[in-house]
Amino acid sequence: MNNSQKILISLIISSFWGLISNIVLGVFFILLIGSTIQFNYFSYIISSSIITLLIVFYDRKSLQIYISLFILTFILILIFTGLSPYGLNINENSFLQILFLLIQSFIILIGNIICLSGINKMSFNRLFLEILFLRVLKGFGFTFFLTIVLFPFYVMILMSLKTHQLLILNPLDLSIDITRGLNMFRSYIELFTDWGFGYYLLNSLIVSLSSIFIALIFAIPGAYAVARFNFPGKLLMINSILLIYLIPMITLLIPLYSFFTFINLRDSLFGLIIVYPAVTIPVAIYMLQGYFQTIPQELEEAGLVDGLSRTGVILKITLPLSLPAIASVSLFIFMVAWNEYLFAYMFLDTPAIFTLPRGLEQLDGTEVPRQHLMAGSVIATVPVIAVFLWAERYLTGGLTAGGIKG
Amino acid sequence: MGSSSYKKRMGPIEKQGVVQAYTMLVPTVAIVMAIVLFPLIANFWISFKDVTVSDLRIAEIKVTEKFQKKPKTKGDISKVEYRFNNFSKSSNIKNVNFKDILPKGLVIKELPNNCSISDNIINCQLGDFKPKEKKKIKFETIAENDYFISQENPKDTSPIVKGKSENRLLNLELKLKNFKEIFTSPNFWKTIRISFAYSLFSAIGSLTLGILAAQLLMTTFIGRGIIRGIFLFPYIAPIIAVTITWKILTDPFFGTINGILTQLQILNEPISFLQVRDMTINFLGFEFSFPVALSFVILFESWRYFPLAMIFILARLQSVPKELFEAAEIDGATPLQKFRSITWPLILGVLFVLFLLRFIWTFNKFDDIFLLTGGAAGTKTLTVDVYETGFNIGNLGTGAANAVLVFLILVFAAIFIIRFSPKE
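First to last, the protein sequences are chains C and H.
Going by our numbering, the first residue of the first sequence is number 3, and it counts up by one from there.
Going by our numbering, the first residue of the second sequence is number 1360, and it counts up by one from there.
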């Protein structure tokens, strides 16, 4: 590859990183400080290009070099933007400005290094162009996906910490005012003291945990029977399990609503604690039986020979061995029960027994300030995401082994 | 027949196994039958009935009691009056029977014809009540000595009224009225069209994003697990929380997205993404109307469900030995060639299953559109219609008929898709 080709490619790639880092971080920055900023695209592209040319033509790999390149990027941007990287005076919000600029320099540097690694050893052909193109595309992909995924949650959290007046005054200003201290969490506190979110949280917890418990009690024997025994109608059973999962909830709504009204189960948590397990049991059976089949039958036979009953075998041998699958099934049921909206909305009328989704929906219907709505959303979202992240290591093993694979 | 010959070939131990299997399965099957299969069949039943939400309350006779001219001395005459009212607008109540305890010492002067009395308990046969019918019983009492000892008021004991009210859900009157109503509705085809467009494009959208995200995560790098976890956020967060957030984000007055888009000068003026039905767009001299709210809801669905597609595709790709990709690389295949000739054929089967699942689930989906737009601005799908006819208008029968329609369309769509699936 000759030098002009290298320069051309470097310039294209560095322009991309200069531009994309400026737009994305600029938007997050606007939300954080709440005032308009200037997008100095051109200055960023020039700084990025100079760095890139250095990377390509001074091709040495060491930590010192990278650190000095990083500092150089930072300084170059400052110089080319005339000491105001976001069109603001460097004295206001200087901490945030410098922080964002550091992040941006880092992204520009790393993005360029990764995209251009090995450029000096490759020849200019289709393979090289495709690899390069895909690297840029991947960089763009990560930025794109992280932005669309995190943006709503970012706004959710920032807004929940604001006051009503400030949100009306400037909807773009989501800056956190640390001087307000505990007052920042006022909407959270008010939700618990004035809006009964403590009850909602408790009810959601009761419903979710009971659903897990009941569903497992029913699903484990069922899954075991499907996995271990041969019986007439087994195939039909396995097929119908999957079909049941496709039945629209909305077709069950009117009959269950009528039926539960007759037997006075509507407007009680019991109704939900019956419905949630029933709709999750088919999937639970499917996942569990897949895992049970991977446990060697010889282990269970040894237990039977040693005088254990079938129940004993299940409790003492099969279940301890299938903990990962049970964990992932529990997580699945927890997520369904915690997030479920339709039945909670149709079945619950008394505020004291609302689950979180129902309570939040009720809150949305009243003229409540939006920071309360956002705080409520955070309260509903954090537990399920926390449980999920904590349990994810079991989930990966459990899910793939449990038959989702393939 | 098949099952009986199956049984004959089994030894005694296996037969024992069959018994054990059935004992283990019975409770599980029973609860699923009761909560899933029974309602599904019941829904078909209700769709042929003319019932409203108010019919669910079993009709009862309300009774009010009056006691006038409280006696002061022996021999005083007082009046007792009972009023009965069938508040139900549609239900007959048959063989109504009424009982009440009178205080000691109050003697009835003239017992009404249809009543009898024994041990101070008055018992009346009131006959049948038509919907909204009212009836009365009046009589006079004479106070005796006993009354002034106990000083009880007739109103102290509450009267008991019993009658046979028919349950309109269970009677055998089956009509086609609900289906007629649906098919003659002027919005019927529009609703169907919107439902299909919504499901189809949402499925395509979430699958496309899912493929791209899975490609990103196929490369190994530090922190891949964390990023994978973050990518799943839209899917695991409660639907109510994310819909509220997106509603606030797209608010035309105080919404962040409109703020940013106008700030970046992409939009001239804010758009209310969830409330505007159509927008005329001038493109290369052609004017065409663009369904804004529907498109936004489809984008939302793609955003919320791409993680599911991503997980399935990743699981499929990771189950393939790495050597396959490495061999291709040694042979000089470019990344795009690798994608086209290795990855794509590998995931085609999963993609097909995913498309089927996403299409069906989106078609079934009620919460998302209901919470985002409430079915307004040209986003009313069949499932929202089920809720609207069944509960907003209060016509359970029509709602159930709509639900039957959802179910049938899905069965046909599934058969159709499976029929024309790529053979693998």
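Worth flagging that the hints you see were computed from the coordinates, not collected in a lab.
Heads up, the beta-carbon is just placed ideally off N, CA and C, and yes, glycines get one too.
Be aware that a few hints might be false.
Derived pair list, reagent style SDA-like, types lysine to any residue, alpha-carbon separation capped at 20 Å [to be verified]:
1. H:K1697 with C:L152
2. H:K1493 with H:N1504
3. C:K318 with C:E300
4. H:K1495 with H:I1480
5. H:K1606 with C:I150
6. H:K1428 with H:K1523
7. H:K1606 with H:I1595
8. H:K1448 with C:F264
9. C:K140 with C:L160
10. C:K123 with H:T1693
11. H:K1523 with C:F264
12. H:K1697 with C:V138
13. H:K1521 with H:K1606
14. H:K1606 with C:V370
15. H:K1438 with H:S1413
16. H:K1606 with C:Q295
17. C:K318 with C:Q295
18. C:K123 with C:L136
19. C:K236 with H:N1482
20. H:K1606 with C:L152
21. C:K140 with H:K1523
Covered stretches of chain C (chain H as the covering partner; in silico rule of three or more C-beta atoms under 8 Å from a C-beta of chain H) [said to hold, decoys possible]:
22. 273-281
23. 357-365
Do the hints match the structure? See the list:
At roughly 31 Å between alpha-carbon atoms, K1697 (chain H) and L152 (chain C) are farther apart than 20 Å, so this suggested pair is violated. Distance check on the hinted pair: K1493 (chain H) and N1504 (chain H) sit about 35 Å apart at the alpha-carbon level, beyond 20 Å; violated. Between the alpha carbons of K318 (chain C) and E300 (chain C) the distance comes to roughly 14 Å, so the proposed pair stays at or under 20 Å and holds. Distance restraint check for K1495 (chain H) and I1480 (chain H): the Cα-Cα separation of roughly 18 Å lies within the 20 Å cut-off, and the hinted pair is therefore satisfied.
Our distance criterion of 20 Å between C-alpha atoms is met by K1606 (chain H) and I150 (chain C), whose separation comes to about 15 Å. At most 20 Å may separate the alpha-carbon atoms for a hinted pair to count; K1428 (chain H) and K1523 (chain H) exceed this at roughly 34 Å. Note on K1606 (chain H) and I1595 (chain H): the hinted pairing holds, with a Cα-Cα distance of about 18 Å set against a maximum of 20 Å. At roughly 18 Å between alpha-carbon atoms, K1448 (chain H) and F264 (chain C) fall within 20 Å of each other, so this suggested pair holds.
Taken as a hint, the K140 (chain C) and L160 (chain C) pair is broken in the structure, with Cα atoms around 29 Å apart against an allowance of 20 Å. Between K123 (chain C) and T1693 (chain H), the direct Cα distance comes to roughly 17 Å. Compliance with the 20 Å bound is thereby established for this hinted pair. Proposed proximity of K1523 (chain H) and F264 (chain C) is supported: the alpha carbons are some 15 Å apart, at most 20 Å. Straight-line distance between C-alpha atoms of K1697 (chain H) and V138 (chain C) comes to about 18 Å, which keeps the hinted pair within the 20 Å bound.
Straight-line distance between C-alpha atoms of K1521 (chain H) and K1606 (chain H) comes to about 51 Å, which puts the hinted pair past the 20 Å bound. At roughly 14 Å between alpha-carbon atoms, K1606 (chain H) and V370 (chain C) fall within 20 Å of each other, so this suggested pair holds. With a C-alpha separation of about 36 Å, the suggested pairing of K1438 (chain H) with S1413 (chain H) is violated against the 20 Å cut-off. Between the alpha carbons of K1606 (chain H) and Q295 (chain C) the distance comes to roughly 46 Å, so the proposed pair goes past 20 Å and is violated.
Distance restraint check for K318 (chain C) and Q295 (chain C): the Cα-Cα separation of roughly 16 Å lies within the 20 Å cut-off, and the hinted pair is therefore satisfied. Taking the CA atoms of K123 (chain C) and L136 (chain C), the gap is near 18 Å; set against the 20 Å cutoff, the hint holds. Between K236 (chain C) and N1482 (chain H), the direct Cα distance comes to roughly 59 Å. Violation of the 20 Å bound is thereby established for this hinted pair. With a CA separation close to 16 Å, the supplied pair K1606 (chain H) and L152 (chain C) stays within the 20 Å bound.
Under the criterion of a C-alpha separation no larger than 20 Å, the hint pairing K140 (chain C) with K1523 (chain H) is inconsistent with the structure, at around 72 Å. Counting residues of the segment 273-281 of chain C whose CB falls under 8 Å from any CB of chain H gives 5; the rule of at least 3 is met. Restraint check on the segment 357-365 of chain C versus chain H: 4 residues with Cβ-Cβ distances below 8 Å, three needed, restraint holds.
Checked against the numbered hints above, the structure violates hints 1, 2, 6, 9, 13, 15, 16, 19 and 21; every other hint is satisfied.
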